[in-house]
Amino acid sequence: MSEHTTYQPTNGVEKWLDDRLPVVRFAKEHLMDFPTPKNLNYWWTFGAILAVMLVVQIVTGIVLAMHYSPHVSLAFDSVEHIRRDVNGGRIIQGVHAVGASMFFAAVYIHIGRNLYFGSYKAPREILYIIGVLIFVLMMATAFMGYVLPWGQMSFWAATVITNIFSAIPVLGDPVLQLLRGGFSVDNATLNRFFSLHYLLPFVIAALVALHIWALHVPGNNNPIGVEVKSSRDTVSFHPYYTMKDLFAIVVFFIPFAWFVFFAPDILGHPDNYVMANSQVTPAHIVPEWYFLPFYAILRAIDFNILFIDSKLGGVIFFGGSIVVLFFLPWLDRSPVRSGSFRPMFKWFYWIFIANFVLLAYLGAAPAEGIYVILAKISTAYYFAYFLIILPLLSRIETPLPLPVSISDSVLGKAHS
Amino acid sequence: MNIKKSIIAAALLALSMAVPAAAQEGGHATPEIQKRTWTFSGIFGTYDEHQLQRGFQVFREVCAGCHSARLLAFRNLAEPGGPGFSEAQVKALAAEYTIADPSAENGERPGVAADRWPSPFASEQEARDANGGSLPPDLSVMAKARGTTQPFPWWILNYFTAYQEGGPDYIHALLNGYHEPPEGVEIPEGKYYNEYFPGHAIGMAPPLADGSVTYEEGENGSVPQTLEQYSTDVSAFLMWMADPHMASRKETGFRVIMFLLLFAGLMWATKNRLWRGVEH
Amino acid sequence: MTVANQADLAKHETTEGTRRDFLYVATGAVGAVAVAGIAWPLINQLNPDASTLALATIEYDVSAVEEGQTVTIKWRGLPVFVRHRTAAEIEEARAVPLGDLKDPETDEQRTREGHEQWLIMVANCTHLGCVPTGEAGDFDGWFCPCHGSHYDTAGRIRKGPAPKNLVVPPYEFVSDALVQIG
Chain A
1 MSEHTTYQPT
11 NGVEKWLDDR
21 LPVVRFAKEH
31 LMDFPTPKNL
41 NYWWTFGAIL
51 AVMLVVQIVT
61 GIVLAMHYSP
71 HVSLAFDSVE
81 HIRRDVNGGR
91 IIQGVHAVGA
101 SMFFAAVYIH
111 IGRNLYFGSY
121 KAPREILYII
131 GVLIFVLMMA
141 TAFMGYVLPW
151 GQMSFWAATV
161 ITNIFSAIPV
171 LGDPVLQLLR
181 GGFSVDNATL
191 NRFFSLHYLL
201 PFVIAALVAL
211 HIWALHVPGN
221 NNPIGVEVKS
231 SRDTVSFHPY
241 YTMKDLFAIV
251 VFFIPFAWFV
261 FFAPDILGHP
271 DNYVMANSQV
281 TPAHIVPEWY
291 FLPFYAILRA
301 IDFNILFIDS
311 KLGGVIFFGG
321 SIVVLFFLPW
331 LDRSPVRSGS
341 FRPMFKWFYW
351 IFIANFVLLA
361 YLGAAPAEGI
371 YVILAKISTA
381 YYFAYFLIIL
391 PLLSRIETPL
401 PLPVSISDSV
411 LGKAHS
Chain B
417 MNIKKSIIAA
427 ALLALSMAVP
437 AAAQEGGHAT
447 PEIQKRTWTF
457 SGIFGTYDEH
467 QLQRGFQVFR
477 EVCAGCHSAR
487 LLAFRNLAEP
497 GGPGFSEAQV
507 KALAAEYTIA
517 DPSAENGERP
527 GVAADRWPSP
537 FASEQEARDA
547 NGGSLPPDLS
557 VMAKARGTTQ
567 PFPWWILNYF
577 TAYQEGGPDY
587 IHALLNGYHE
597 PPEGVEIPEG
607 KYYNEYFPGH
617 AIGMAPPLAD
627 GSVTYEEGEN
637 GSVPQTLEQY
647 STDVSAFLMW
657 MADPHMASRK
667 ETGFRVIMFL
677 LLFAGLMWAT
687 KNRLWRGVEH
Chain C
697 MTVANQADLA
707 KHETTEGTRR
717 DFLYVATGAV
727 GAVAVAGIAW
737 PLINQLNPDA
747 STLALATIEY
757 DVSAVEEGQT
767 VTIKWRGLPV
777 FVRHRTAAEI
787 EEARAVPLGD
797 LKDPETDEQR
807 TREGHEQWLI
817 MVANCTHLGC
827 VPTGEAGDFD
837 GWFCPCHGSH
847 YDTAGRIRKG
857 PAPKNLVVPP
867 YEFVSDALVQ
877 IG
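Residue numbers (our numbering), protein chains in the order written: chain A, 1 to 416; chain B, 417 to 696; chain C, 697 to 878.
In case anyone wonders, no lab produced these hints; they're calculated from the structure.
Note that the coordinates shown come from a computational prediction; the quantities given were computed from them, not determined experimentally.
There could be a bad hint or two in this list.
[What the hints assert, rightly or not] Label-pair distances were calculated between CB atoms; the ranges are:
| hint | chain 1 | residue 1 | chain 2 | residue 2 | range |
| --- | --- | --- | --- | --- | --- |
| 1 | C | 809 | B | 458 | 36 to 44 Å |
| 2 | B | 569 | A | 402 | 54 to 62 Å |
| 3 | C | 859 | A | 277 | 27 to 35 Å |
| 4 | A | 65 | C | 859 | 50 to 58 Å |
| 5 | C | 843 | B | 525 | 47 to 55 Å |
[Claimed, not checked] From the derived model, a few chain C residues whose C-beta atoms are all more than 10 Å from chain A:
| hint | residue |
| --- | --- |
| 6 | 741 |
| 7 | 743 |
| 8 | 745 |
| 9 | 826 |
| 10 | 829 |
| 11 | 871 |
| 12 | 876 |
| 13 | 878 |
We put the beta carbon where it would ideally sit given N, CA and C, even for glycine.
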């Protein structure tokens, strides 16, 4: 890490601390003086928004854990107890439940930004990979968290998703029993999900620290994808981006508050207000909206591929849809980072986004009629984008000419 | 930017044209349930105290005979934002009910305000035996455990109107949905045809009819004593039972959003002021 | 340090100075309100919830308690003695000179007018919390077996390590037979 700060301790106490544990120096270097490209647009505020959402979820989660009981006969009623009797419980629980959705909305926008502006490209591959790991852990955390209220959707989502592991050849059933702690999803499963749901956010927090460290080595990417050349290209993180990020966070809180106070159950499913019943399956088992695209991919493989049966095939594509993200820096080899200068890429990118939204829609639709073929086409495009289109584009695309530097591009805009 | 917009617009148009056939299943389509206007609809909605009192009367005299409401405490009936009973009324009401309590003499005692609504049956099996094998579900959160669905793209509007009344809409439709089965539809013995119940064969006999409940004269006496009125009132009561803090939640929400708008405005000005000297 | 260049800063310093400061102060104040508004519910949720508060006050029908009998009931999670004292016990309690008491309190202070036969006390020894045994000890009251505290017929500490008399909770008789505690 290069020295960007001219920090001098101002008094004896500060110097004493700085000699032993330079936390103030560290904060100044990385959170205040850090040179940040001056042309970042609002898509870049979602990193800070995500950090705030992680804190919100951890704080509300710890508070909820003070009142929640993770036993199958008590869980559902303990959540209702929080909503009805605990001071402010209705709001704290609402913030946590809606917060999960807001967290995923922000992460999808953040990932969308990365994909468009090439933030995953060298030298930021590790930064990006840590990000994908955070995304995977977020999905695991959210999945286990949804089981905790022990409603019908909680129980059946747990049943369906843990069943995925039975698709593993040979070891499938023993692994399934190991994960569930029994022959079916029951108290043992609920308790371990509670323990892990409490644990994983702190693992995510550690990864976030690594994520920011990995970011601060090369510094931020920017909308034109041209690296910082001199101090004319940057401003200090504080106060320019601290205040811009804070503004974005406040604006982000407005739809968040809308949901929490006016429509707290609209993102959920009414069936989760029915207590879990292992003898009765709900008419439509639907995951939360943020899992829908991957759920659609899982269901799209309803045919056998050679010796792989459709169930295992679905699981492979489901896992593959995440694994392929890890390889993106090596699939897209274009030397140009930003989509702004890649006219062919832009088309395919926006089709990818529309396709991802379509996959989400298909994940909630019944697996019949036109939806079946649509799901297959959408899944095909999802994989084709990463495995065929991006590698090809790297070779055949002619990018637009890049500006010489950030400050040149910014001046150009100011005078045009 | 134009490329992006035209692709998204095309995708949305295509989606809306492929009107989902999801609502039509097999031969008998469950008709779409109309959205009703409730006093508690929308961001400024609140419960009507008198409606909740009438609804409670219907619940107590009709529903509570078979349905439990284990999350309702007697004291909730005196809390603000609800039916508005006084502490004394709640105490007297609770004392009318017998609560199982192992530490009491004979294992039971009269209720107090802190107690929860007692179940009409001692066990699940007893409930099934008394109801032809069906278990009458607990009603505590029934108004949130049911909902209505609108086809795409109309459900998008719900996010902007903050539509959360799908439960009462469904319950009202169900209570008014008992009819003679249409031609060729066979309903098994012990079940009843209901237009809105999934599968159309419901184990509950029509619980309400005109004149079932006598509303007392006074402020509550000026409403018609019809099935339509009873079903509306009890649906509102069930919504309150499922969401007793709704009124204060919406009120706080209004203040929070106004505050956030103010704060966002100030942050916008602050950010712009800070960035004024910088080309960006 | 990379900031806006010096010329720009100088321009800002002059007339716009006070307006800029007012904006920052206003924003900071609103931000502080936001922090307080978020912090308070997170702290207040630690306070007893509505279901606990509902049991903060209980009513007990004393008509079943015979003279000379002590009943132990539960109030706020604590054991509470309800004793129907005999006339002899009341007399004995009133005859004790205040100077003899480690924690001086008259019998009248520990009972309600018109209901002097009723002695209602939290059944935790004021030493370290054990439940004393009734009709035991050297003073015809209670004896705590844990460390040997003796209480008299008004529940006052007479001998042993306990510092205070057995605690009398707030209570009142809403009728002759019904006492409201808490």
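Violated constraints from the hint list, given by number and in increasing order: 1, 2, 3, 4, 5, 6, 7 and 8
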